[in-house]
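**Student:** Next come the chains, spelled out residue by residue.
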Amino acid sequence: MSSSKKIRVLVAKPGLDGHDRGAKVVARALRDAGMEVIYTGLRQTPEMIAEAAIQEAVHVVGLSILSGAHNALLPKVTELLRKEGADDVLVIAGGIIPEDDVPGLKAAGIAEVFGPGTPLSDIVDYIKAHVKL
Amino acid sequence: MAREKDVEAGLKEWEEKTVSKTIAKYPERSEKFETISGVGVNRLYTPLDTKDMDYRESLGFPGDYPFTRGVQPTMYRGRLWTMRQYSGFGTARETNRRFRFLLDQGQTGLSVAFDLPTQIGYDSDHPMARGEVGKVGVAVDSLADMELLFDSIPLEKVSTSMTINAPAAVLLAMYIAVGEKQGVPMAKLRGTVQNDILKEYIARGTYIFPPKPSMRLITDTFRFCSDNMPQWNTISISGYHIREAGSTAAQEVAFTLANGIAYVEAAVNAHLDIDSFASRLSFFFGSHSDFFEEVAKFRAARRLWAHIMRDRFKAHDPESWKMRFHTQTAGCTLTAQQPDNNVVRVTLQALQAVLGGTQSLHTNSRDEALSLPTEQSVQIALRTQQIIAYETGVADTIDPLAGSYYIESLTDEIERKAREYINKIDGMGGAVTAIEAGYPQREIHDSAFEFQRKVDAQKRVVIGVNMFAEKGRQKLEYLKVNPEVEKEQAAVVKRLREKRSPGPWRDSMKGLKTAAQSNTNLMPAIITAVKAQATVGEICDVFRQLWGEYKAPDIM
Chain A
1 MSSSKKIRVL VAKPGLDGHD RGAKVVARAL RDAGMEVIYT GLRQTPEMIA
51 EAAIQEAVHV VGLSILSGAH NALLPKVTEL LRKEGADDVL VIAGGIIPED
101 DVPGLKAAGI AEVFGPGTPL SDIVDYIKAH VKL
Chain B
1 MAREKDVEAG LKEWEEKTVS KTIAKYPERS EKFETISGVG VNRLYTPLDT
51 KDMDYRESLG FPGDYPFTRG VQPTMYRGRL WTMRQYSGFG TARETNRRFR
101 FLLDQGQTGL SVAFDLPTQI GYDSDHPMAR GEVGKVGVAV DSLADMELLF
151 DSIPLEKVST SMTINAPAAV LLAMYIAVGE KQGVPMAKLR GTVQNDILKE
201 YIARGTYIFP PKPSMRLITD TFRFCSDNMP QWNTISISGY HIREAGSTAA
251 QEVAFTLANG IAYVEAAVNA HLDIDSFASR LSFFFGSHSD FFEEVAKFRA
301 ARRLWAHIMR DRFKAHDPES WKMRFHTQTA GCTLTAQQPD NNVVRVTLQA
351 LQAVLGGTQS LHTNSRDEAL SLPTEQSVQI ALRTQQIIAY ETGVADTIDP
401 LAGSYYIESL TDEIERKARE YINKIDGMGG AVTAIEAGYP QREIHDSAFE
451 FQRKVDAQKR VVIGVNMFAE KGRQKLEYLK VNPEVEKEQA AVVKRLREKR
501 SPGPWRDSMK GLKTAAQSNT NLMPAIITAV KAQATVGEIC DVFRQLWGEY
551 KAPDIM
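The listed protein sequences correspond, in order, to chains A and B. Going by this note's numbering, the residue at position 42 of the first sequence is 42; the numbering climbs one at a time, nothing skipped. Going by this note's numbering, the residue at position 523 of the second sequence is 523; the numbering climbs one at a time, nothing skipped.
I should point out that these hints are in silico values taken from the structure, not numbers from a laboratory. Treat the numbers as computed from the prediction; the structure is a model and nothing was measured. Hints are supplied without guarantee of correctness; some may be wrong.
[Claimed, not checked] Chain A is faced by these chain B residues, among others (derived, beta-carbon under 8 angstroms):
hint, residue
1, Leu-44
2, Glu-132
3, Gly-205
4, Thr-206
5, Ala-369
6, Ser-447
7, Phe-449
8, Val-462
9, Arg-544
10, Gly-548
11, Glu-549
12, Ala-552
13, Met-556
[As the list claims (entries may be wrong)] Computed list of lysine to aspartate or glutamate pairs in EDC-like fashion (alpha-carbon distance at most 16 angstroms, straight line):
hint, chain 1, residue 1, chain 2, residue 2
14, B, Lys-480, A, Glu-99
15, B, Lys-475, A, Glu-47
16, B, Lys-475, A, Glu-36
17, B, Lys-480, A, Asp-122
18, B, Lys-480, A, Asp-101
Note that the Cβ used here is the ideal one computed from N, Cα and C, for glycine as well.
So here's chain A without its partners, still in its complex pose (with noise of 0.2 angstroms):
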């Protein structure tokens, strides 16, 4: 990846739930390692998080979701950015995500799901491994 462009990434909190504490401790450790980082706040649909994707041209969503409702709603944000030509996006996901879930929402091209316990440089590596700038 050239050195001059920024990573630019979206924070979003998919579906209905408010624990948003890995949300911002994960947005902070991304601006600290020099990404341009937006964070959506609570509450947002699918729909709306790949709305502002697009519109911000983000090259990574990082969705946090803890409520159970990541099946129903992550998928569709892949397939929203998919539809809108946006499939070079790096979608990540993390919360609280049972194991035998993971293997569907990767299929449902979400990149990598990052569980309770991860180290944030994990996460800041793998973005800088995986983005397409």
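Please arrange chain B on chain A, whose structure you already have, making use of the hints.
**Tutor:** Frame of chain A; chain B shown alone:
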């Protein structure tokens, strides 16, 4: 004084001769020790650390001001704490089965988890409810669901806590209506509605309306309950979620009590007599992983609240000075890695809560970093409380850690730090203004970030995560909520709207709007509406149209 001098001299000698020699040979594990909240920890605490403590003033006796040693005169020698597992998932029928299982297993109170659409005032067929119905709690759209939820559970015998905030008045109205149907008058109902909107703005996120009308809903429930429901806790002022969002122990106490101050002020401004409602205020804290700090925190919070109620608000009735609280072990300390270790964490945290004098307790289940708990995991969590209560002897004497030089020093320190924050919030114009400016949110976020940095740098150890980690994952069976629940529940609420008699429903909605536009208490109109089968979503929509919705400040 002579004794004090003697201790001082002895301490000096011990440090200079004995300790320094040992350290020269065997250095300590760290140059600096501190609690998980960053309070410095000394090598040793002695009578010198508590020499200024006046026993009667700082500690007193259980059941007496300032309640540092507990709010009841005999504490657990009289009655053990209420064992109350927070639960709910899927449909009302499924959750009713889990409730009855828990009661059969010796649980002594109920605690209802509602799903997020219910908590945010959306019916199960609302587009915003997509994917969320029945997930983190039970879906309740109407009185019919509430009746199923408490089917065959006699409300005169059980106390019920409901984690519901923005629409708390609506769910309380439903509970009253269910009681009435069972032949239990509301005066005999026992339980709690969380009803704490300020911490929703700060940390938990299930707000609907802006602060002003939200505070009115809360003071309306205070007044209604003080007139009609003498055994009902009208609010559970919660530090738990503030702590889970990343705060320190002192911030948890401070922000919670600052919110408490705001509720009391709002009620007093609405011309309620303080002694008519203050004894029904209750609190809720987390029990995190620093053992002594947590015990000290509970004691400090009790003492500080007693001061505030007696000296600041001039409440006369000693009942108004008592901080009664529920405790939950800290969900954020559970690890997805090596989940069986969580049983041990929960045990220690539960013990802290008991040593801190809690009135009721929820113990988390080992699988909650991954999903809602299975029945087997919940059973272990409940047994943990029962073992502490019946086998260890810790419940047999009151406040057994009192007088410990360390515990008393920490209790003072947490109270001091919390007071500083409360003074700062007072200076900003109170909790509501501070929250609208994003102040507590920012403080909590800073603490959360700092903590994560320490974990990543291995300055804070999390066993199984950054120390003694294992490659392979320990697999647990976990609870899956049937995805069909959403479709079923959406169909149920649609059918209800078609089948109910439209006349009473329409009248009740009109009555609700009129009441909301005037200064009358909203509770009677809400009770009429739920009895006319109005849904949670419909009732909240009436308020949404009049009051609008809360917009969170951007703190990032």
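**Student:** Which earlier hints can't be squared with this structure?
**Tutor:** 1, 6, 9, 10, 11, 15, 16, 17
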